[in-house]
Amino acid sequence: MNREQAHEILMKYMKGENYITHSYAVEAIMKGLAKRLAPDEVEYWGIVGLLHDLDEEQCDWQHDLSVHGPTSVEILKKEGIDDKVLFDAIKAHNPKCGMKAKTKLQYSVLAADPMSGFVKAVAQIYPDKKIASVKHKSVMKRFNEMRFAAGANRDYMEVIEFTGLSLDDLIDVALEEMGAISDVLGL
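In full-length UniProt numbering, the protein residues as written are 1 to 187.
Keep in mind the hints are simulated off the structure, nothing from the lab. The structure presented is a predicted model; accordingly, all values stated were derived computationally and were not measured. Hints are supplied without guarantee of correctness; some may be wrong.
[What the hints assert, rightly or not] Below are the EDC-like pairs computed for lysine to aspartate or glutamate, each with C-alpha atoms no more than 20 Å apart in a straight line:
(1) 78 - 8
(2) 96 - 155
(3) 130 - 74
(4) 78 - 88
(5) 135 - 172
(6) 77 - 57
(7) 12 - 40
(8) 15 - 88
(9) 135 - 183
(10) 141 - 155
(11) 129 - 155
(12) 35 - 145
(13) 96 - 43
(14) 15 - 57
(15) 77 - 145
(16) 137 - 161
(17) 100 - 79
(18) 15 - 60
(19) 130 - 88
(20) 104 - 168
(21) 100 - 158
(22) 84 - 43
(23) 15 - 82
(24) 135 - 145
(25) 135 - 168
(26) 12 - 82
(27) 141 - 183
(28) 96 - 145
(29) 104 - 145
(30) 137 - 158
(31) 129 - 82
(32) 102 - 183
(33) 135 - 158
Assemble the whole structure, with the sequences as input and the hints as a guide.
See below:
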């Protein structure tokens with residue numbers, strides 16, 4: 001599956017603008033992480049990021065978090081996709097579905113998912129609400145304020161260290177890659 005096919009599937013199942021822009025943000029971060037961790041798989045890692053929340057509007061994850069991830073896999077199978085690596089990465093981004101991250105790809109999507117929302121939350125407190133205004137130091141400061149963006153799982157962001165990268169690296173990648181598509185993200 002290439003990016004165009006993945007995007008078609010995303011648009012077929014996802015309608016909410018915030019969910020779509022979140023998917024683009026995670027795709028961008030995943031591509032940035034792949035440049036450092038798996039340079040030959042940048043597009044593939046991007047696809048994992050793009051599709052990680054495919055089932056967001058297709059299942060009742062608010063009442064049963066264990067269905068988030070496995071439902072995406074079922075959707076992809078229905079669409080004719082057969083890719084265990086992709087399926088396992090999508091499930092690993094939500095440990096509550098029973099899949100624990102074990103690979104660099106899985107740890108990366110687990111960390112990139114909350115980091116995308118966290119960086120967006122930091123940008124939102126700036127007067128211009130632009131990611132270009134956000135500095136690494138500001139993200140780190142807010143990271144240590146547990147009440148700020150309390151829903152962004154900091155433990156998940158920190159699993160990036162299992163890839164050999166640091167939290168600082170993840171923040172730098174998120175700022176750079178989300179900044180590169182700031183017009184698409186509305187930031």
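A quick look at each hint next to the structure:
no.	hint	verdict
1	78 - 8	holds, 14 Å
2	96 - 155	holds, 14 Å
3	130 - 74	violated, 37 Å
4	78 - 88	holds, 16 Å
5	135 - 172	holds, 9 Å
6	77 - 57	holds, 17 Å
7	12 - 40	violated, 28 Å
8	15 - 88	violated, 24 Å
9	135 - 183	holds, 18 Å
10	141 - 155	holds, 16 Å
11	129 - 155	violated, 26 Å
12	35 - 145	violated, 30 Å
13	96 - 43	violated, 27 Å
14	15 - 57	holds, 8 Å
15	77 - 145	violated, 41 Å
16	137 - 161	holds, 19 Å
17	100 - 79	violated, 25 Å
18	15 - 60	holds, 16 Å
19	130 - 88	violated, 34 Å
20	104 - 168	holds, 17 Å
21	100 - 158	holds, 15 Å
22	84 - 43	holds, 17 Å
23	15 - 82	violated, 24 Å
24	135 - 145	holds, 16 Å
25	135 - 168	holds, 12 Å
26	12 - 82	holds, 18 Å
27	141 - 183	violated, 25 Å
28	96 - 145	violated, 25 Å
29	104 - 145	violated, 27 Å
30	137 - 158	holds, 16 Å
31	129 - 82	violated, 40 Å
32	102 - 183	violated, 34 Å
33	135 - 158	holds, 19 Å
Violated hints for the displayed structure, listed by number in ascending order: 3, 7, 8, 11, 12, 13, 15, 17, 19, 23, 27, 28, 29, 31 and 32.
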